[in-house]
Each structure stands twice: as structure tokens, then as C-alpha cells.
Amino acid sequence: MQNRIHQRLQQPEKIVSIYFTAGYPKRDDTLEVIQELVNNGVDMIEVGLPYSDPLADGPTIQQSSTQALKNGMSSQLLFEQLKDLRQITSVPVIVMGYFNAMLQYGVKAFCESCEKCGIDGIIMPDLPIDIYQAEYQSIFEQHQLSFISLITPQTSDERIKQLDEASNSFIYMVSSASTTGSQAGFGQTELDYFKRIHDMRLKNKLIVGFGIKDQTSFDQAAQYTSGCIIGSAYIKHITEHGLRQTKPFIKSLKEQ
Amino acid sequence: MKTPLYKEPNSLGFYGNFGGAFIPEMLYPNVQELNEAYTTILASNDFKKDFNKLLRDYVGRPTPLYFAERLSERYQTKIYLKREDLCHTGAHKINNTVGQILMAKRLGKKRIIAETGAGQHGVATATVCALMGIECVVYMGAVDIKRQAPNVSRMKMLGATVKPATSGSQTLKDATNEAIRDWINNPTDTHYIIGSVVGPHPYPDLVAKLQAVISEEVEQQLFEKEGTKVPDHVIACVGGGSNAAGIYYQFLNNPEVNIIAVEAEGKGILTGESAATTRLGRSGIIHGSKTLLMQNKDGQITEPYSISAGLDYPGIGPMHANLFESKRAEFISVTDEDAMKAGLELSQTEGIIPAIETAHAFAIFKERQFNHDEILVFNCSGRGDKDLQTYTDYFKLID
Ligand SMILES: Cc1ncc(COP(=O)(O)O)c(C=O)c1O
Chain V
1 MQNRIHQRLQ
11 QPEKIVSIYF
21 TAGYPKRDDT
31 LEVIQELVNN
41 GVDMIEVGLP
51 YSDPLADGPT
61 IQQSSTQALK
71 NGMSSQLLFE
81 QLKDLRQITS
91 VPVIVMGYFN
101 AMLQYGVKAF
111 CESCEKCGID
121 GIIMPDLPID
131 IYQAEYQSIF
141 EQHQLSFISL
151 ITPQTSDERI
161 KQLDEASNSF
171 IYMVSSASTT
181 GSQAGFGQTE
191 LDYFKRIHDM
201 RLKNKLIVGF
211 GIKDQTSFDQ
221 AAQYTSGCII
231 GSAYIKHITE
241 HGLRQTKPFI
251 KSLKEQ
Chain D
1 MKTPLYKEPN
11 SLGFYGNFGG
21 AFIPEMLYPN
31 VQELNEAYTT
41 ILASNDFKKD
51 FNKLLRDYVG
61 RPTPLYFAER
71 LSERYQTKIY
81 LKREDLCHTG
91 AHKINNTVGQ
101 ILMAKRLGKK
111 RIIAETGAGQ
121 HGVATATVCA
131 LMGIECVVYM
141 GAVDIKRQAP
151 NVSRMKMLGA
161 TVKPATSGSQ
171 TLKDATNEAI
181 RDWINNPTDT
191 HYIIGSVVGP
201 HPYPDLVAKL
211 QAVISEEVEQ
221 QLFEKEGTKV
231 PDHVIACVGG
241 GSNAAGIYYQ
251 FLNNPEVNII
261 AVEAEGKGIL
271 TGESAATTRL
281 GRSGIIHGSK
291 TLLMQNKDGQ
301 ITEPYSISAG
311 LDYPGIGPMH
321 ANLFESKRAE
331 FISVTDEDAM
341 KAGLELSQTE
351 GIIPAIETAH
361 AFAIFKERQF
371 NHDEILVFNC
381 SGRGDKDLQT
391 YTDYFKLID
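For the record, the sequence lines run as chains V and D. Position 54 of the first sequence, counting from 1, maps to 54 under full-length UniProt numbering, and the rest follow consecutively. Position 371 of the second sequence, counting from 1, maps to 371 under full-length UniProt numbering, and the rest follow consecutively.
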């Protein structure tokens with residue numbers, strides 16, 4: 001399998017990846033946010049499918065999800081909004097959501113719809129690896145979709161190796177034991193953790209997420225990895241300034 | 001034919017099609033730690049000794065099995081009440097919290113978190129934390145903080161911190177979300193004492209085993225009173241399903257015993273204000289478990305409604321989903337109105353004011369008839385002190 005994620009990971013430049021919630025701030029902003037992100041040179045995009053009970057998310061993403069659902073977002077609507085995705089960009093796009101939404105849509109149908117839109121990967125934090133491997137891996141692969149696993153500072157080496165084996169693009173390193181957005185900058189503990197995983201020389205590349213909010217935190221994390229995912233900080237930014245103000249936000253991360 | 005897994009899940013935590021551990025990787029180490037330890041701890045003599053001692057001397061077990069003479073006469077059948085309302089703190093919930101606090105100590109945990117709906121589980125958790133001198137944080141929906149105010153005061157009196165959950169419907173589901181998020185943020189020093197047979201494996205099995213003492217006692221007590229260990233029907237209300245699991249447990253694999261589960265219908269099945277999961281739900285994932293739950297076609301969880309905070313939950317534990325799907329148990333739903341009337345009736349025929357959760361179980365006489373020689377055992381899961389304001393307002397008892 002060779003999709004846009006793999007192609008981008010082969011390039012040496014660090015990846016700036018942005019997470020946002022589909023259907024937020026307005027229902028039909030999804031594609032427009034993507035356009036803004038691409039125009040400003042973002043390397044990878046995670047589209048969050050809003051869920052009523054997002055267990056792994058802190059207040060910022062919870063609120064954007066609640067608003068998006070009020071706006072009328074649904075899985076079906078997301079795939080309609082993304083049907084022309086590949087006419088505007090070739091950056092890798094990943095759908096991030098909770099497994100129940102996928103299960104109710106039908107796992108096979110969900111993967112088919114993703115492929116039709118040109119989605120490259122799926123992050124489902126609450127789909128455990130053993131169930132993925134036993135029941136869904138072949139469906140994902142049939143539709144050229146990377147399954148992306150998360151690890152945390154508490155994940156054992158043995159488990160990391162197992163997740164590495166089952167993954168085929170990058171591993172999502174959660175920066176510390178936390179829900180999204182609940183971080184106050186990185187200290188020595190986080191840096192040691194980034195280095196420790198880097199030194200394990202896994203077959204997959206590493207991308208760090210959770211708690212990255214500015215250039216300092218970005219640089220700290222990117223030092224040992226292929227790049228970073230920024231979510232809550234971006235959502236806060238467009239909540240306050242509007243999605244048209246994406247440029248200064250990305251610029252502040254990218255000026256090296 | 002495979003024997004159905006009524007009592008215990010398989011090694012992956014599944015009861016038939018339901019259960020498992022659908023959790024974010026952030027929770028994996030915590031859940032795994034518990035999963036590796038719980039069967040060994042539960043089976044150890046040292047745990048059993050401490051657990052049984054506290055159940056006897058602190059909780060006040062065994063609780064009586066009481067023959068309800070006037071109620072039996074009214075409904076022309078033999079009605080027994082398992083008096084969990086007489087447990088210390090006023091409900092069955094403490095059986096579970098005593099067991100889990102002993103487990104948390106053996107796992108070296110320094111901090112306890114819990115969710116609560118009616119506040120009974122919150123009080124039971126705050127109580128055992130006070131007993132053991134361990135820090136306690138209880139999440140409770142903002143709506144429930146208002147309707148179960150006496151229990152909020154009790155938790156505070158016991159030294160616990162009560163944190164309001166302000167997302168969603170601000171009830172039990174949302175309190176559970178917040179507790180899980182807390183656990184993600186505090187993965188090493190904290191144990192999550194979940195309050196029902198819900199959540200990721202091994203919680204449903206762990207909580208069911210800690211509540212099983214209820215039906216173990218029933219067997220013995222019924223034998224003393226009726227010369228048989230086997231009732232015709234065991235009946236309980238189901239929120240998540242812990243008091244039900246407790247009273248069913250010993251009887252699950254005995255087909256002679258009919259199992260009846262009573263769910264909260266709220267204002268009526270078709271009103272959009274209900275918590276009758278088996279009637280309105282379908283298979284999906286909630287709080288890390290694959291089970292029956294109320295959801296829209298997109299898999300977004302529906303906000304439930306019941307007058308009773310402890311039954312105001314959009315799912316049921318995976319054990320019960322399996323009992324429903326396999327038709328091992330009979331599921332009945334009763335409205336707010338019928339539950340409230342049944343609560344008043346039990347108060348005035350037997351002198352026992354039940355929790356509104358518990359009152360739901362006693363409302364089945366409106367839906368179902370029994371023969372005069374049949375033995376019914378109800379789980380009288382909790383007392384109604386916490387609900388006096390709701391009862392008073394509902395029946396306009398004070399003018
Ligand atoms: C007295 C009583 N009964 C029943 C319940 C419902 O919970 P479960 O279904 O887990 O027994 C509660 C929950 O708060 C309760 O307080």
C-alpha cells in the first residue's frame with residue numbers, strides 16, 4: 001500500500017499537521033477550512049468527525065464537536081462535503097473519529113466512502129488494535145487506508161512493538177497522559193519520552209500530538225520525530241479570530 | 001452448541017456479542033493492570049477475608065430477606081424483598097465500593113475517582129475512601145446535583161470533592177465521560193471505581209462478582225424460609241444493571257428461575273423522554289463497551305430521560321444486553337408515573353420508602369401477573385431518603 005501519507009513521510013521536511021472539527025464553526029465550513037490550511041502550506045490534515053461523547057478529548061474539541069453536531073453534521077454529510085477534496089489538494093487527509101460512528105455507518109461502507117473522497121487514513125482512538133486486526137484490517141487495506149495507532153508515555157515497549165507491527169504509516173505519539181488540549185508546554189519528562197521512542201527505531205515514523213500550541217512546543221517535539229499535530233490550539237484560534245485568520249496561525253508555527 | 005455466557009464473559013470480555021474493551025490507548029495500561037490483577041485478587045484468601053469482614057461489620061450484611069405480607073396479599077403471590085436498602089449508606093452500591101477500595105489498595109493506588117447518578121454510588125465511594133483515608137473525587141451531572149442534593153451534602157461531609165459534569169444532558173452518562181477523562185489524565189496513581197456493571201472489560205465482570213453476594217445470601221435465606229433455594233422470579237430495576245446482576249447472579253444458569261429486568265420508560269416510549277434502552281436502543285459502543293444503547297442513526301448517543309437519576313442512562317451493561325438478546329431475561333419498562341405510584345404503595349403497605357430507582361421494580365404489577373404460589377424475590381436496592389423532595393413535590397404531600 002502506498003498512499004499520500006507514505007509519500008509525504010518520505011520527504012525530510014518536518015510535517016505540520018492540523019486537526020479541526022468538521023462542520024465547525026459553520027456546517028459548511030469543512031472544505032473551506034481545508035482550503036485555508038492548504039493555501040498556507042500545511043502538510044497534512046486531520047478532519048475530526050464530531051461525536052457526542054468524545055472520551056479522549058478535552059473541553060476545546062468537545063465544544064467544537066457539540067457545536068458541529070448542533071449545526072447538523074453527520075458521517076454522510078462529511079462525505080458529501082469532501083467529495084471534491086481531491087480537486088483542491090493533494091496533501092494527505094486523515095479522518096479522526098470515534099468507533100461507534102463508523103460502526104453505525106458500517107465499517108465497510110465507511111471505508112468505501114473514505115476512499116471515494118480520497119481519504120488516506122483513519123484514526124479511531126477507541127478501536128482497539130486486536131479487534132482491528134481480527135475484523136477490519138483487510139477492509140482498511142482494500143481501500144488504501146492507513147490505520148494509525150496511538151501511544152502514550154505509559155505504553156509498554158512490548159505493546160509499542162505490537163502497535164508498530166500493526167501500523168503502516170506513522171505512529172501517533174500522545175505527548176503526555178492527557179486528553180486533548182490539556183497541556184502546558186513540554187518539560188524534560190516529555191523530551192525524554194520523545195527521545196526514548198525515537199531510539200527504539202520503529203518501522204513507522206513518529207508524529208507527536210496533544211499539547212502542541214506554538215513554535216517552541218513544535219520544535220521540541222519535532223526534534224525527535226517527523227512532525228506534529230496541532231488541534232485544540234488551532235480550533236481556539238479560529239473560534240476567536242475566524243477561519244480566514246488561519247494564515248497568521250500557521251505562519252507562527254512554520255517560520256523557521 | 002456453545003454454552004451461553006450469561007454469568008461470565010470470555011477472555012476478551014464478551015458476553016455473547018456484547019462487552020469488550022473499546023478504549024483509547026491512553027487507558028490501555030490502566031485497564032490492563034486491572035485486568036491482569038482482578039481475578040487473582042478476588043480469589044485470594046486475604047482479599048476474601050477483608051471483604052467479608054467489612055461486609056459483615058461495616059456494611060451490615062447479610063441484609064434480611066423479608067416476606068412482604070401485605071403486598072403479597074394484594075397481588076395474590078409470594079413476595080420477598082432483599083433488603084439492600086438496609087446496607088450502610090442505603091443501597092447495594094457499597095458492596096461494590098468496599099470490594100474495589102480493597103482492590104485499589106492492593107494495586108497501590110493513592111487516589112479514587114467515581115461517577116454518580118443518584119449519588120448513591122458517589123456516597124458509597126466517598127464512604128469507603130473516608131474509611132481508608134484515601135483522596136476521593138466524584139463526578140456528578142449538574143442536573144443530578146440539583147435533584148439528589150442530600151447525597152451531595154453527604155459526599156461533602158465525608159470529605160469527597162464533588163465535580164459537576166456540565167456537558168451533554170448533565171446526567172450520569174456525562175459524569176461517566178468526565179471520570180474517564182480524569183483517569184486518562186491521571187493514569188498511574190488513580191483507581192476508577194465504576195458504579196455499575198458497565199464500562200470496559202473487566203469492570204462488568206468485576207462489579208457483578210462483587211455484587212453476587214446478594215444472590216448468594218438469597219439462596220440461603222430462601223432455603224431457611226421456603227425450603228428451596230430456587231425462587232420462581234427474580235426482579236430488579238436496571239440502570240447500568242449492578243443491583244440486577246447481584247440478585248440474578250446465582251440464578252443465571254438455572255433455567256427454572258425467570259429473570260425480570262425493569263427499565264425506566266420515563267414519560268413514555270414514544271415521547272423522546274425515556275431511558276428504556278432495550279426498547280429504544282441497538283448495539284453500539286458506550287463507555288468502552290459494546291452493548292445496547294440509545295443512539296441516533298449516525299451513532300451519536302441520545303440523551304436519555306428518567307425521573308430517577310440512577311436509571312437515567314442511555315445504555316445497559318453488556319451482561320444484560322446478552323440476557324436480552326438471548327431472551328434469557330424478560331425486560332419490562334415502566335413509566336415515571338407508575339414507578340412513583342409503586343414507591344408510594346410500597347411505603348404505605350410495607351412501611352418501606354424505596355429509592356425511585358427501586359420503585360421501578362415494584363411497578364411491574366401493572367404489567368405482569370403472577371400465580372399465587374409463585375415466589376418472587378425483588379431486589380429492594382435502595383432507600384428513598386434521597387428522593388423525599390421529588391416524592392413530596394410529585395404527590396403534593398405538603399400544602
Ligand atoms: C438504589 C439504586 N438502585 C438502582 C440503581 C441503578 O443502578 P444499577 O442498575 O447499577 O443497580 C441505583 C443507581 O444509582 C440506585 O441508587
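FYI, nobody ran anything at the bench for these hints, they're computed from the structure. Among these hints, one or two may not hold up.
Unchecked claim - Computed, partial: chain V to chain D, Cβ under 10 Å:
hint: 1; residue: Ile139
hint: 2; residue: Gln142
hint: 3; residue: Ser149
hint: 4; residue: Ile151
hint: 5; residue: Ala177
Claimed, not checked - Simulated restraints, written as ranges between beta carbons of each label pair:
hint: 6; chain 1: D; residue 1: Asn253; chain 2: V; residue 2: Glu141; range: 38 to 46 Å
hint: 7; chain 1: V; residue 1: Ala109; chain 2: D; residue 2: Ser11; range: 42 to 50 Å
hint: 8; chain 1: V; residue 1: Gln10; chain 2: D; residue 2: Arg106; range: 25 to 33 Å
hint: 9; chain 1: V; residue 1: Thr189; chain 2: D; residue 2: Lys327; range: 26 to 34 Å
hint: 10; chain 1: D; residue 1: Lys229; chain 2: V; residue 2: Arg196; range: 55 to 63 Å
hint: 11; chain 1: V; residue 1: Thr239; chain 2: D; residue 2: Lys49; range: 40 to 48 Å
hint: 12; chain 1: V; residue 1: Gln188; chain 2: D; residue 2: Gln32; range: 40 to 48 Å
hint: 13; chain 1: D; residue 1: Leu270; chain 2: V; residue 2: Arg196; range: 33 to 41 Å
hint: 14; chain 1: V; residue 1: Ala109; chain 2: D; residue 2: Gly351; range: 18 to 26 Å
Idealized CB from N, CA, C, for every residue including glycine.
Inset, instruction - Closer than 10 Å between Cβ atoms is the bar; does isoleucine 139(V) clear it against chain D? Give me holds or violated. - result: At about 17 Å, which exceeds the 10 Å cut-off, the nearest Cβ of chain D leaves the hint on isoleucine 139(V) violated.
Inset, instruction - Check the following: the C-beta atoms of alanine 109(V) and glycine 351(D) are separated by a distance inside 18 to 26 Å. - result: For glycine 351(D) against alanine 109(V), whose Cβ atoms are near 58 Å apart, the range 18 to 26 Å is violated.
Inset, instruction - Kindly confirm whether 55 to 63 Å is satisfied by the beta carbon distance between lysine 229(D) and arginine 196(V). - result: At 57 Å between Cβs, range holds.
Legend entry - Hint status (Cβ of glutamine 142(V) to nearest Cβ of chain D, threshold 10 Å): For glutamine 142(V), the interface hint is violated, since the closest Cβ of chain D sits about 22 Å away, which is over 10 Å.
Inset, instruction - Indicate whether the distance between the beta carbons of alanine 109(V) and serine 11(D) respects the range 42 to 50 Å. - result: violated (30 Å)
Legend entry - CB-CB spacing for arginine 106(D) and glutamine 10(V) relative to the 25 to 33 Å hint: Violated, since glutamine 10(V) and arginine 106(D) (Cβ atoms, about 49 Å apart) do not stay within the stated range.
Inset, instruction - Go through the hint on serine 149(V) and say holds or violated, using the shortest Cβ distance to chain D against 10 Å. - result: OK, holds: serine 149(V) within 10 Å of chain D, min 7 Å.
Inset, instruction - State, for the Cβ atoms of threonine 239(V) and lysine 49(D), whether the hinted interval 40 to 48 Å holds or is violated. - result: About 56 Å separates the Cβ atoms of threonine 239(V) and lysine 49(D), which means 40 to 48 Å is violated.
Inset, instruction - Indicate whether the distance between the beta carbons of threonine 189(V) and lysine 327(D) respects the range 26 to 34 Å. - result: violated (53 Å)
Legend entry - Assessment of proposed distance window 38 to 46 Å (beta carbons of asparagine 253(D), glutamate 141(V)): 42 Å Cβ-Cβ, so the 38 to 46 Å window holds.
Legend entry - Range hint 40 to 48 Å (beta carbons of glutamine 188(V) and glutamine 32(D)) holds or violated: violated (27 Å)
Legend entry - Interface hint for alanine 177(V), Cβ within 10 Å of any Cβ on chain D: Alanine 177(V) check passes; min Cβ-Cβ to chain D is 5 Å, inside 10 Å.
Consistency note: the structure conflicts with the earlier hints numbered 1, 2, 7, 8, 9, 11, 12, 13 and 14.
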